[in-house]
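Working from the sequences, and respecting the hints, build out all of it.
From first to last, the protein sequence lines stand for chains W and B.
Take 0 as the starting number for the first sequence in numbering that gives the first Met the number 0 and just add one per residue.
Take 0 as the starting number for the second sequence in numbering that gives the first Met the number 0 and just add one per residue.
Bear in mind the hints are in silico, worked out from the structure with no lab data behind them.
None of the values given here were measured: they were computed from a predicted structure.
From the three backbone atoms N, C-alpha and C, an ideal C-beta is built for every residue, glycine too.
Mixed in with the good hints there might be a few duds.
[Stated by the list, open to error] Interface residues of chain W toward chain B, partial, derived using beta-carbon atoms under 10 Å:
1) 169
2) 173
3) 250
4) 285
5) 287
6) 464
7) 467
8) 471
9) 475
10) 564
11) 566
[To be verified] Derived CB-CB ranges, DEER-like:
12) W:63 - B:161: 31 to 39 Å
13) B:171 - W:518: 48 to 56 Å
14) B:153 - W:442: 18 to 26 Å
15) B:61 - W:518: 20 to 28 Å
16) W:376 - B:178: 27 to 35 Å
17) B:103 - W:394: 31 to 39 Å
So the chains spell out like this:
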Amino acid sequence: MTAGMEGGSAMDAVEIRRLIEDANTGKISRRSFVHVMAGLGLTTSLIGQMLAASGVGAAQASAFTPTKRGGGGPLRALWWQGPTLLNPHFAIGTKDQDASRIFYEPLASYDPDGQLVPVLAQEIPSLENGAVAKDGKAVTWRLKRGVSWHDGKPFTADDVIFNWEFAVDPATSALTIGSYSDIEKIEKLDSHTVKILFKRPTPFWSDAFCGVRGMLIPKHLFEGFRGEKSREAPTNLKPVGTGPYKFIDFKPGDLVRGEINPNYHIPNRPFFDTLELKGGGDAASAARAVLQTGEYDYAWNLQVEDDILKRLEQGGKGRAVPSLGGNMEFIALNMTDPNKEIDGERSSLKAPHPFFSDPAVRQALTLLVDRGAIQEHIYGRTGIQTANFLNAPSRFQSKNTRWEFNIDKANQVLDTAGWKRGADGTRAKDGVKLKLVFATSINAPRQKAQAIVKQACAKAGLDVELKSVVASVFFSSDPANPDTYPHFYTDIQMFTVTQTQPDPGNFMNQFVSWEAATKANKWQGRNITRWRNEEYDRLYRAAETELDPGKRAGLFIRMNDLVINNFVVIPLVWRPRIAGVSNTLRDAVASGWDSDFWHLPYWYRQG
Amino acid sequence: MSSYFFRRLLIAIPVLAGISLVLFTILALAPGDPFEELATNPNVPREVAQRLRAQYGLDDPVLVRYVRWAAAMARGEWGFSFASRVDVTTLILQRLPTTLFVIGSAQLLGIVIALPIGILSALRPYSVFDQVATTLAFIGFSLPTFFTGLLFILFFSIHLDWLPFIYRADIDATGWRWAWEHVRYGLMPIAVLGLFQGAALMRFTRASVLEVIRLEYVQTARAKGLSESGTILKHVLRNALIPVVTLVALQIPAMFTGAVITEQIFRVPGIGSLLIASILSNDTPVVMAITFVYACLVVTFNLAADLAYGWLDPRISYHG
Numbered sequence: 000m001t002a003g004m005e006g007g008s009a010m011d012a013v014e015i016r017r018l019i020e021d022a023n024t025g026k027i028s029r030r031s032f033v034h035v036m037a038g039l040g041l042t043t044s045l046i047g048q049m050l051a052a053s054g055v056g057a058a059q060a061s062a063f064t065p066t067k068r069g070g071g072g073p074l075r076a077l078w079w080q081g082p083t084l085l086n087p088h089f090a091i092g093t094k095d096q097d098a099s100r101i102f103y104e105p106l107a108s109y110d111p112d113g114q115l116v117p118v119l120a121q122e123i124p125s126l127e128n129g130a131v132a133k134d135g136k137a138v139t140w141r142l143k144r145g146v147s148w149h150d151g152k153p154f155t156a157d158d159v160i161f162n163w164e165f166a167v168d169p170a171t172s173a174l175t176i177g178s179y180s181d182i183e184k185i186e187k188l189d190s191h192t193v194k195i196l197f198k199r200p201t202p203f204w205s206d207a208f209c210g211v212r213g214m215l216i217p218k219h220l221f222e223g224f225r226g227e228k229s230r231e232a233p234t235n236l237k238p239v240g241t242g243p244y245k246f247i248d249f250k251p252g253d254l255v256r257g258e259i260n261p262n263y264h265i266p267n268r269p270f271f272d273t274l275e276l277k278g279g280g281d282a283a284s285a286a287r288a289v290l291q292t293g294e295y296d297y298a299w300n301l302q303v304e305d306d307i308l309k310r311l312e313q314g315g316k317g318r319a320v321p322s323l324g325g326n327m328e329f330i331a332l333n334m335t336d337p338n339k340e341i342d343g344e345r346s347s348l349k350a351p352h353p354f355f356s357d358p359a360v361r362q363a364l365t366l367l368v369d370r371g372a373i374q375e376h377i378y379g380r381t382g383i384q385t386a387n388f389l390n391a392p393s394r395f396q397s398k399n400t401r402w403e404f405n406i407d408k409a410n411q412v413l414d415t416a417g418w419k420r421g422a423d424g425t426r427a428k429d430g431v432k433l434k435l436v437f438a439t440s441i442n443a444p445r446q447k448a449q450a451i452v453k454q455a456c457a458k459a460g461l462d463v464e465l466k467s468v469v470a471s472v473f474f475s476s477d478p479a480n481p482d483t484y485p486h487f488y489t490d491i492q493m494f495t496v497t498q499t500q501p502d503p504g505n506f507m508n509q510f511v512s513w514e515a516a517t518k519a520n521k522w523q524g525r526n527i528t529r530w531r532n533e534e535y536d537r538l539y540r541a542a543e544t545e546l547d548p549g550k551r552a553g554l555f556i557r558m559n560d561l562v563i564n565n566f567v568v569i570p571l572v573w574r575p576r577i578a579g580v581s582n583t584l585r586d587a588v589a590s591g592w593d594s595d596f597w598h599l600p601y602w603y604r605q606g
Numbered sequence: 000m001s002s003y004f005f006r007r008l009l010i011a012i013p014v015l016a017g018i019s020l021v022l023f024t025i026l027a028l029a030p031g032d033p034f035e036e037l038a039t040n041p042n043v044p045r046e047v048a049q050r051l052r053a054q055y056g057l058d059d060p061v062l063v064r065y066v067r068w069a070a071a072m073a074r075g076e077w078g079f080s081f082a083s084r085v086d087v088t089t090l091i092l093q094r095l096p097t098t099l100f101v102i103g104s105a106q107l108l109g110i111v112i113a114l115p116i117g118i119l120s121a122l123r124p125y126s127v128f129d130q131v132a133t134t135l136a137f138i139g140f141s142l143p144t145f146f147t148g149l150l151f152i153l154f155f156s157i158h159l160d161w162l163p164f165i166y167r168a169d170i171d172a173t174g175w176r177w178a179w180e181h182v183r184y185g186l187m188p189i190a191v192l193g194l195f196q197g198a199a200l201m202r203f204t205r206a207s208v209l210e211v212i213r214l215e216y217v218q219t220a221r222a223k224g225l226s227e228s229g230t231i232l233k234h235v236l237r238n239a240l241i242p243v244v245t246l247v248a249l250q251i252p253a254m255f256t257g258a259v260i261t262e263q264i265f266r267v268p269g270i271g272s273l274l275i276a277s278i279l280s281n282d283t284p285v286v287m288a289i290t291f292v293y294a295c296l297v298v299t300f301n302l303a304a305d306l307a308y309g310w311l312d313p314r315i316s317y318h319g
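Here's what the structure looks like:
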């Protein structure tokens, strides 16, 4: 694209890209950029798109434009589960991912709306700029130039290719393998351009190299530690990344410390000179430390009841900030019989549930859960009422479902279906009584929710027995323990399922028939309700390769509607992650689709 | 006496082996495994967790795993933590200075408070001083540490804002400032623990001194014309403190696993919190290492307490 300018010099693509970069980094103001581009005859919407595609998104439009790096003093953060390792490919849980994110960066991060924002990439690939192939089988990433690792070596395409090889090697047992196994190969087009070729048309092409699963480790330090030797690499405990902070010290479970990276690739950032991440303790005292005493600036994942948070906020030192992903607190209904044992397995696919096979009973139970009361009195700000299982990002949210709490209607439904009340008040039909066991983990809000459900059920003639299991057992994967949630040896159970990526593919595979949890797969299948539905399977398979975003969203909405209309699960509340942020800490925007630290270089203190 | 010493040492070996076997079996039979978080993660394929379990030998039978562990310990390799792949000895040594500082100071504080007050109480039994001290001691060891800990936090940190309540082990300052910062951060956990332990010790000291003061040789010493302080120091204390010394010697191993609850409340990175975190995440090598060291310390200090008792009190002699 060439055009005339003052002095008659022509402007080509390279110069325009450099101008965009300058606008990003604050070297020229957005106003002058818009002025220049408008002078070239571009419309404002196109200019906006140019800036947005290259990273000057809403989240980064900050009031703070520093003129030098550092000078902000220490940043103190509190993670009440202490990180235990610092290699993003081995990170178990968000605590390790967040600690790694201080030092390592991916090609792009997800902002609170689930949109990609470039970090180590020059710009986001799209169909418009030709970087995403029309058949969905290739993506070209252009890497940012001038980025170096903390030890001074340059960041190049070789590092990107290495990360793929490292993660996909089965001997490495990398936990990120799922995001890289769909890649056929990666072509190096030049030192800062890579072309990823997928095995199949892949709508969710940003699974690899973006977000928490896409952090990049340096090839030159991990080269000698591939496969089985990967866990012995010394860099696992002394990270060398491209991030805003350089590594100082790590005590597993206790402390991570970093100091400012003087050669960070975003000019005049970060603001803080040192970062300290302290681990351990519990969520309530972490909330106190930020909101009440101001000892710490940021606390992660405050799983504390909302009225306690409100009380602490009155101290005026900090506030609770929600970041919304797709996490869902819900009640799962067992489609199989938990009390019949077949071939050493209970809740077997061969034994359908005595009363949940009757859709009327499932519908009645759905009408007996008072989601409004649960959200209002138990979760408050930390939960949003919803009728859908899949709620985010917004284009996947179904408008076709509604939830209702109506004890009379539940009674009516059961009466019509032939479930008559017995002498003890519990309904029965053909000798089968409506007696349920309701399990969940030990957690005060959950026990309260259980009590609310039990009370309502009693009014409709359902006898509910409550069971609570220690969290570390309930959420374990031990095949020998009958109390884990995948075993599902009860009639209904309640917990939160996380959706950490803005693409619902991995989230909605919980209802496909081939993922049913059975003894054969050691209860590691994701479909714990053991529900099997041919139409759902068909829709899921279609969505896996559907490249048109509109059609794909439509498929997921239909899948959600199937699950809700068949009363397979009862969604309770859509749960944001709550962080505690000091009132003097600015721009600490949290994203529900990425790590809490996705925006770390832009944090600053004022007031 | 030396034959007694060697006999005890010989008995210690099968005792420790038995302890380690019981510990290992309990850990192996306990529910949960180190990779349970992977089960709830939608993005981790199940083969990865299975491969990790095989890699760490978690699918082998219990006895095989025990023999492997015992052989490695005998060689001096204490293994790696499953969670962080850090050497177990490194993990323990990282936390040892903090443990010694906080828990050790608490023990010292307990002794420094308990001994003088206990002795003075016993010298003036049922006086006002004694009544007050005894009541405070009862309150002290009836209130659990998590209660007093939270009380201290509410009062000193939140209400008065004098002291920070989250412990920081790394303080980059030098000289007096470094010492002062350590005092500031450590004051509350040390006080909570020290007062708790001091309360029990004070009652014990008081009872022990009271018992000795009533004996006839004390009367004789006074009748002979010895000064009161001389009687106390040279005759009473020497005998009264023998059981106290042995009690303190037995409490020293407890310092190693520390006070788990206090460490949790104040986030003190000591060995106790490492033990609890490892138990909850089923990190077997770390749990085995810590509990085994603790068992060795208990056996050693029991022996030391017995020997000290025999040395301090000439009436006691160990035969063969």
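So which of the earlier hints does this model not fit?
Violated hints: 6, 7, 10, 11, 16 and 17; rest satisfied.
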